[in-house]
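Participant: So the sequences go chain by chain: A and B.
With my numbering applied, the first sequence covers 6 to 424.
With my numbering applied, the second sequence covers 6 to 424.
Everything labelled a hint here was simulated from the structure, so no lab data went into it.
These numbers come from a predicted model, not from an experiment.
Honestly, I wouldn't trust all of these hints.
Any copy will do: because identical chains look the same in the list, a pair fits if it lies in one copy or spans two.
Within a straight-line C-alpha distance of at most 30 Å, the following computed DSBU-like cross-link-like pairs (lysine-lysine) qualify [said to hold, decoys possible]:
| hint | residue 1 | residue 2 |
| --- | --- | --- |
| 1 | 63 | 221 |
| 2 | 175 | 18 |
| 3 | 71 | 423 |
| 4 | 340 | 250 |
| 5 | 363 | 220 |
| 6 | 311 | 71 |
| 7 | 83 | 345 |
| 8 | 63 | 220 |
Number of protein chains: 2
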Amino acid sequence: MVDFNRNGYINSKGDFDIAEGFARRVDSMRASEIRALFAVANRPEIISLAGGMPYLGKLPFDEISKIMETLVREHGPKLWQYGVAQGDEELRETITKIVELEGLDATAQETVITAGSQQGLDSITRLFCDAGDVILAEAPNYVGALGVFRSYQVEVVNVELDEEGIILAKLEKTIINTRARGKRIKFLYSVPNFQNPSGITLAVDRRKPLVELCKKYGIMILEDNPYGLLSFDGQLYPTLRQHWKEGVIYLGSFSKFIAPGFRIGWIISPDSVRDKLVLSNESVLLCPSNASSLTIEAYLKHFDWKTQLSAYREGYKDRCNQMIETIDELLPNCKYNKPKGGFFLWLEMPEGSGVNSKDFLEAAVEAGVAYVPGTGFYDNGDGENFMRLSFCYPSVEEIEQGITRLANALKKTYPEVKF
Amino acid sequence: MVDFNRNGYINSKGDFDIAEGFARRVDSMRASEIRALFAVANRPEIISLAGGMPYLGKLPFDEISKIMETLVREHGPKLWQYGVAQGDEELRETITKIVELEGLDATAQETVITAGSQQGLDSITRLFCDAGDVILAEAPNYVGALGVFRSYQVEVVNVELDEEGIILAKLEKTIINTRARGKRIKFLYSVPNFQNPSGITLAVDRRKPLVELCKKYGIMILEDNPYGLLSFDGQLYPTLRQHWKEGVIYLGSFSKFIAPGFRIGWIISPDSVRDKLVLSNESVLLCPSNASSLTIEAYLKHFDWKTQLSAYREGYKDRCNQMIETIDELLPNCKYNKPKGGFFLWLEMPEGSGVNSKDFLEAAVEAGVAYVPGTGFYDNGDGENFMRLSFCYPSVEEIEQGITRLANALKKTYPEVKF
Chain A
6 MVDFNRNGYI
16 NSKGDFDIAE
26 GFARRVDSMR
36 ASEIRALFAV
46 ANRPEIISLA
56 GGMPYLGKLP
66 FDEISKIMET
76 LVREHGPKLW
86 QYGVAQGDEE
96 LRETITKIVE
106 LEGLDATAQE
116 TVITAGSQQG
126 LDSITRLFCD
136 AGDVILAEAP
146 NYVGALGVFR
156 SYQVEVVNVE
166 LDEEGIILAK
176 LEKTIINTRA
186 RGKRIKFLYS
196 VPNFQNPSGI
206 TLAVDRRKPL
216 VELCKKYGIM
226 ILEDNPYGLL
236 SFDGQLYPTL
246 RQHWKEGVIY
256 LGSFSKFIAP
266 GFRIGWIISP
276 DSVRDKLVLS
286 NESVLLCPSN
296 ASSLTIEAYL
306 KHFDWKTQLS
316 AYREGYKDRC
326 NQMIETIDEL
336 LPNCKYNKPK
346 GGFFLWLEMP
356 EGSGVNSKDF
366 LEAAVEAGVA
376 YVPGTGFYDN
386 GDGENFMRLS
396 FCYPSVEEIE
406 QGITRLANAL
416 KKTYPEVKF
Chain B
6 MVDFNRNGYI
16 NSKGDFDIAE
26 GFARRVDSMR
36 ASEIRALFAV
46 ANRPEIISLA
56 GGMPYLGKLP
66 FDEISKIMET
76 LVREHGPKLW
86 QYGVAQGDEE
96 LRETITKIVE
106 LEGLDATAQE
116 TVITAGSQQG
126 LDSITRLFCD
136 AGDVILAEAP
146 NYVGALGVFR
156 SYQVEVVNVE
166 LDEEGIILAK
176 LEKTIINTRA
186 RGKRIKFLYS
196 VPNFQNPSGI
206 TLAVDRRKPL
216 VELCKKYGIM
226 ILEDNPYGLL
236 SFDGQLYPTL
246 RQHWKEGVIY
256 LGSFSKFIAP
266 GFRIGWIISP
276 DSVRDKLVLS
286 NESVLLCPSN
296 ASSLTIEAYL
306 KHFDWKTQLS
316 AYREGYKDRC
326 NQMIETIDEL
336 LPNCKYNKPK
346 GGFFLWLEMP
356 EGSGVNSKDF
366 LEAAVEAGVA
376 YVPGTGFYDN
386 GDGENFMRLS
396 FCYPSVEEIE
406 QGITRLANAL
416 KKTYPEVKF
């Protein structure tokens, strides 16, 4: 047993070992299965249904490059300089107009720019959670959120979903049970639209009741809405925040409908939280990137992004339809919720089939297709009879071929199962 | 007294108050005096000697905009897409060549890209520090580092400097005393070159002995070197990390010698730390910005950045010389260490003068000049007889006039003092 106080990083063998000094939170940081998979999934012979990358191939980069050229020539010194911790004011104004499309009234003052929505998640968890606190989260859940929550040594308590989203009666029971255990519930984390990975959308008529329930129990809601503009039919769903400004913090992102390469997202929150978020930005980033912020601002200003958005919706709808069509044809006994938008389809193996999606992955990759095993989206080992299939990046043809490879490999590996 | 477990965010008046749920660490996050100052300092009639913004005015943005146009046209889909958590490999290769200029052998594998050096500081503190741990830090110290350390509820213990940097005998005594108090020392934080705010450079012949001392006591060193390439005479100083690869983590940044607007820095560390830093990047950012990384890569590749660097050095030297000349003329009884590079001069008020630089700031701003009071660079209220004067951003003429305004205001406010 080494006494760190006396010996510092010098271990029991008398050697300096830098890992001796890690903080306790490092124990709860671990590599996600999903990330480890990406190296494999990126091999050219593999059709990847694993990633969550938006499809950018058809963007008119010739036109965009000219916008960039003008921007740098005219505003270079501002683009390349430090900005303010809250983020560029003009971009914050523009963001209020984007969320207005979803019926959310917001001001630039309430808005803080983040280095992607991920940094928003990190900042909110940093501001609210001590080790041992509880976050209520939809199960299955976004793997990147689980990673953040773990890194703050938070206990994630699962909230059950049906095909219309969070089941309110079960949520209430979970709140009561969790408090009975003496735990502090810091917030409910929800992705209400086209949730990652389940593809589920919270029914419109459940939204106000969900907010009322949280209000009754004095629980803050963290609403994460990266996909909201990407419904297949153009429908826009009301935000939770619009129902309750004091108690809902809203996370948004440019990553899914413009481009993730800039790492720009935003948080809309009550003033007392906004003030702390600005301090958090100063501490983590000094300030968001001016180069990224002003480029997005120029794109939105000089480019017909709403028409581009319609093209994205159409493209993702076509891809999703192809995926569904091929699944219905080749894997008719596998169930799924039909997504209304977003990037993902959550495929359930036939009941009692004994398929373990984590074990099967190797055979799938062997057959030239990759997906994410369902276990990655649970903190408790559940999800082995699910696969997350993404239809955002591959072409319609690749999707058809990918699902075909997947079906063939399943049938070959589990000849006794009726898929 | 409200029972959070029972009532959540509902306060003693029965109202929902989101601030009820803040984590304990929020108590230690506070707005820095410096940031609050920037709003004032940015008024056009004020000559600001307060900020740490590099001077970018003379960059040939016409030429750069053409590089950008080509980059976006040819590599748009890669620029705009997600990257990998460790950061773009080609840029990491390039970084190894940059640090090689300072004699540091590094590999791309050891290197992790961060969202500015600030995020590197945050990540290292996150990985190593539990609440109550000690960080040894040069006093005065970079205000952005103090902010990060506070946000992790760390105790900062000051290490004394003379004009040649850390005083080794005093450091050793501090280590012994701190451990005698039962505290865990997690690392020594040092900015060895042209330190912010003191302008002090660690003497070359103290570098190896400093490393040996830390090695002896089993203490990791966090070496932060944003200004290393910006010596006035082009001299490059040996890094601490080159003396001790197992025990020194190196932070670098493009912010000072290319541009801060991209928020791109780097960390070079032992493998066991690198692995955790990649997880930390996934958790905080998903990945660094491809758009920013590839733009910097293109700038370094297609632009004569070394000649530009010489121009920066000359420019900063001229500005610093003007500052010194005007101080020597108008404030001959104020002391300072003559900087060998970097951005800052640390001005000491005459001994026993009773000048409180925090109180005096209002009068200075009234007279049309801003600086940062020395108290911002200490965690314990020290520093009131110092001012940090930055010579990086204003022109030579503005510096002359700014110091003149400062001198006049000092003499007017404290007529009894011989400055």
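Participant: Determine which of the earlier numbered hints do not hold for this structure and return their numbers in increasing order.
Facilitator: 1, 3, 4, 5, 8
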